[in-house]
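Throw the hints in and build the complete structure from the sequences for me.
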Amino acid sequence: MSIFTSIRHKHLQDIHKTKELTYGKEVLVFNPKEIFIPLVDPVNAKPIKLEKSIGDDVKEGTIIGYREDNMIPVFATISGKIVREELVYHVNIGRNVKHFVIQNDEKYEHEDFLPILDENASKDEMLKRMVDAAILGHGGAGFPMFIKYRKTDGIDTILVNAVECEPYLSDDHHSLLVNKKYVVKGMELLLKLSGAKEAILCYKVGNEDVDKVYKDLSDLNPNLKVYKVKNVYPSGWERHLVKEVLKREYNRLPSEAHAIVNNLESVVRFAKAMMEGRVITRKTVTISGEGINNPSNVELPIYTKASDVIAFLGGYKFDEVSLSYGGPMCSRGVNSDQGVFLSYTSGLTILPRLKVNTLPCLRCGACTSHCPSYLQPVEIKIAYQAKNNDRMMALKPWLCIGCGLCSYICPSKIDVNDFVKKAKLITSMKLKQMEANKGGKK
Amino acid sequence: MKFALNPNPYVRSKRSTFKIMMELLIGLVVVWLSSIIYYFVKSSPKDGFFAILNVVITVLSCSLFEIIYFIPSWKKEAGHNFKSLINKELNSFGYISGLILALLMPVGTMWWQLIITSFVTVFISKMLFGGFGYNIFNPAIVGRIFATICFSSSFSYGATVNAGSTILTNWSAASSGQFNPYIGTSGWNVVFGNYAGALGETFTLLIFIIGIVLALRKVIDLRITLSYLIMCSLTALIVGLMNMKTITYDPIKFMVLQVSTGGIMFGAVFCLTDPVTSPTSPLGKIVFGALAGFITMLIRFKGSSPEGVAYSILAVNMLTPLIDNIFKGTTNDKIKVKLIAVSALSLSLLLVSLSYSTKPSTISNEKVCITCVSDEKGGN
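First to last, the protein sequences are chains A and B. Using the working numbering, the first residue of the first sequence is number 2, and each one after it goes up by one. Using the working numbering, the first residue of the second sequence is number 367, and each one after it goes up by one.
No wet-lab data here; the hints were simulated from the structure. Do not rely on the hints blindly, as some may be mistaken.
To be verified - Which stretches of chain A does chain B cover? Using the computed rule of at least three CB atoms under 8 Å from a CB of chain B, they are:
1) 320-334
2) 347-354
3) 367-374
4) 388-402
To be verified - A few chain A residues that face chain B, going by a derived Cβ cut-off under 7 Å, partial list only:
5) P74
6) I94
7) G95
8) P145
9) N295
10) T359
11) R364
12) D419
A virtual CB, placed ideally from N, CA and C, is assigned to each residue, including glycine.
Right under this line is the structure:
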């Protein structure tokens with residue numbers, strides 16, 4: 002079929018080289034002097050309900066406040082004192098918002114752990130634990146995990162996504178190697194919670210060290226399996242994964258294909274929350290790229306400022322760099338290293354400024370024949386430049402997932418993805434308008 | 367500390383348009399070299415010399431006309447120097463259009479004809495439309511057709527008539543329309559290119575192999591090439607089957623010879639696949655190739671003028687925006703309906719091609735007999 006539509010993925014050149022920068026390196030531990038807790042919900046930018054105020058002493062794991070929409074708690078991630086309120090850049094929201102500043106008192110005291118739950122816990126208890134421990138989708142979207150498990154009728158497979166198809170990032174790879182106990186337990190617990198028949202751990206083919214560790218997964222529990230996905234981008238995308246592993250397609254949510262997809266990080270977090278009563282305060286992130294001295298995986302408290310870690314690792318190599326919170330393919334660049342790591346930021350990529358020689362569009366159609374969403378980015382670009390709104394609507398740019406493959410593959414080095422995003426903005430507004438009009442007429 | 371705010375992704379494929387064009391250039395140079403060898407060995411050293419000179423003249427004049435076009439805008443640039451001008455030319459790829467054009471012309475073409483044709487090729491059909499990436503028609507094909515219309519008499523009856531005319535010009539422009547003097551003894555000569563014609567068009571098998579290599583290197587899109595070749599072959603096969611009595615070769619051989627002669631293979635690999643003038647959607651490319659194949663064979667069997675390949679390429683170049691418009695939307699949208707429609711279209715085109723053969727009288731003996739004459743001569 003891909004002859005007539007799109008092959009939907011691409012092996013990224015030198016992806017192994019980019020991962021080698023941090024593979025097998027010792028994980029450094031970093032404790033900053035101050036952490037910055039954003040006082041807004043990262044999804045809708047609404048302020049959180051505060052439990053603590055300036056001057057209070059907090060320990061690691063103390064609840065600072067709750068997110069308004071679903072009562073997910075926000076934890077202090079280091080012991081110390083809330084010293085002041087400060088306006089700091091927030092990566093997801095894209096502007097300065099209020100943050101609490103907690104000064105590290107170097108005592109590293111931890112709040113009491115939550116009570117331990119074993120596999121006999123009821124479904125409600127488990128769901129409540131997901132909320133209490135603030136477990137989100139740690140793949141990058143930060144979608145609360147419990148929402149996926151509220152309705153589990155008809156689910157037969159749990160997919161654990163440890164694909165990590167972005168270049169440079171290697172925190173999932175590291176987690177796979179050291180957290181086997183939690184991965185297995187987490188998968189078993191999720192099976193129990195959802196009533197699914199099997200759980201499949203998905204990671205990329207060619208990771209021999211991971212293969213060795215998970216050789217005996219099916220012996221430990223016959224319901225657990227390993228699936229090795231192709232080394233292509235974006236094989237870690239939910240829809241791509243469900244298609245490749247289960248050969249099923251769906252329209253909106255994976256539950257239509259009787260599957261739930263979870264990030265590896267979320268599964269490990271959930272296992273830790275259940276077995277040990279831990280809430281999320283610390284995290285291993287990849288800080289990598291050609292633009293930084295000593296790229297490494299660093300274990301740090303969440304809400305650490307990026308600039309602190311970069312200074313800890315030896316600073317930038319160049320005067321001008323591209324900085325992105327996440328992988329270099331689909332995370333938007335930011336013009337500040339003052340933003341903090343959120344609980345679902347998987348890393349930081351620092352690259353020298355991209356220098357490309359842009360030529361006119363060749364109309365080769367490489368973007369069209371590789372788009373994972375079957376879009377025609379080149380046509381969208383032409384329609385956008387011609388300000389032809391009708392044409393843009395016909396090309397459905399709102400289906401774009403922003404994977405960046407079209408820009409990556411473009412031989413003329415055009416920022417195709419940027420045009421598609423702009424068109425997406427325009428068309429989704431129009432779409433909403435049209436729907437509103439329809440509703441009004443009814 | 368400065369943070370670059372260019373849009374993501376921050377890693378890019380190493381494959382660039384320039385590299386693609388250089389690979390295409392290498393493919394073209396291989397064809398050129400083989401034609402030089404052919405003319406030195408099989409024809410006179412004079413023809414071999416012209417095979418070199420023609421290409422040099424065309425490539426140089428194409429580049430020069432582009433540079434002339436660039437000069438006004440280049441002068442307004444801040445800090446312009448000679449290097450930036452050369453850089454502009456290198457990234458505009460006029461020399462590739464020039465090389466394709468040179469390979470489409472017979473060796474007997476005069477130098478001034480080449481220069482005028484080069485002007486039409488790059489200046490009128492490419493730069494006036496906005497330069498590389500904006501031209502509507504394939505520049506080399508426009509140049510070739512211009513040359514055919516303006517200088518066709520000297521093509522066929524020039525100083526080096528034997529080595530200097532293409533099969534197809536002689537086929538019907540000269541009313542006799544005989545293939546035989548050029549094909550030689552066996553049909554294999556046609557496949558290997560062992561006959562005189564346009565400089566690069568004759569080496570069918572070589573061009574096909576280059577096409578496969580280029581397609582594997584993702585320089586050209588095999589969808590266009592294959593759908594075009596399949597359409598041409600099937601049409602030729604149908605015509606062959608319907609005229610079993612008038613041709614002495616079996617229809618399969620007739621088909622192979624039809625596809626091997628003239629510019630079909632060269633057009634399929636180097637001209638039709640020009641990404642700028644072809645549709646972008648995968649299915650659109652297939653339709654594009656099939657339509658071109660249909661029009662080529664229509665002109666070959668029913669038209670009064672040669673250059674079926676060239677005219678068909680221009681015709682489908684014009685249809686490109688229409689095809690893009692038809693296949694707008696996502697590529698998997700109603701894919702089954704689209705596939706059925708495309709196959710129905712191809713089938714109906716083939717059915718129309720049946721009409722090529724329904725009135726045998728209109729396919730003059732010479733036209734179908736290309737192969738029988740050579741057969742007689744070869745005596746096999």
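Stated coverage of the stretch 347-354 of chain A by chain B [criterion: 3+ residues, CB within 8 Å]: holds (count 3)
Hint check, A:P145 versus chain B [nearest Cβ-Cβ separation less than 7 Å]: Violated, about 26 Å.
Supplied contact hint for A:I94, tested at 7 Å Cβ to chain B: Hint on A:I94: violated, closest Cβ of chain B at ~17 Å, above 7 Å.
Restraint check, 7 Å cut-off on beta carbons, for A:N295 near chain B: For A:N295, the interface hint is violated, since the closest Cβ of chain B sits about 17 Å away, which is over 7 Å.
Chain B contact restraint on A:D419 - CB to CB distance below 7 Å: With a minimum Cβ separation of about 4 Å from chain B (threshold 7 Å), the hint on A:D419 holds.
Verdict on chain B covering the stretch 320-334 of chain A, where coverage means 3 or more residues with a C-beta closer than 8 Å: Since three or more residues must qualify, the claim that chain B covers the stretch 320-334 of chain A holds, with 12 doing so at under 8 Å.
Annotated coverage of the stretch 367-374 of chain A by chain B, confirmed only when three residues or more have a Cβ within 8 Å: holds (count 5)
Minimum beta-carbon distance criterion (7 Å), A:G95 to chain B: violated, 12 Å
Status of the A:R364 interface restraint (C-beta, 7 Å, chain B): Since chain B brings a Cβ to about 5 Å from A:R364, closer than 7 Å, the hint holds.
Hint status (Cβ of A:P74 to nearest Cβ of chain B, threshold 7 Å): violated, 32 Å
Outcome, coverage of the stretch 388-402 of chain A by chain B - at least 3 residues whose beta-carbon is closer than 8 Å to one in that chain: Holds: 5 residues of the stretch 388-402 of chain A have a Cβ under 8 Å from chain B.
Interface hint compliance - A:T359 to chain B, C-beta minimum distance less than 7 Å: For A:T359, the interface hint is violated, since the closest Cβ of chain B sits about 10 Å away, which is over 7 Å.
Violated hints, listed in ascending order, are 5, 6, 7, 8, 9 and 10; each of the other numbered hints is respected by the structure.
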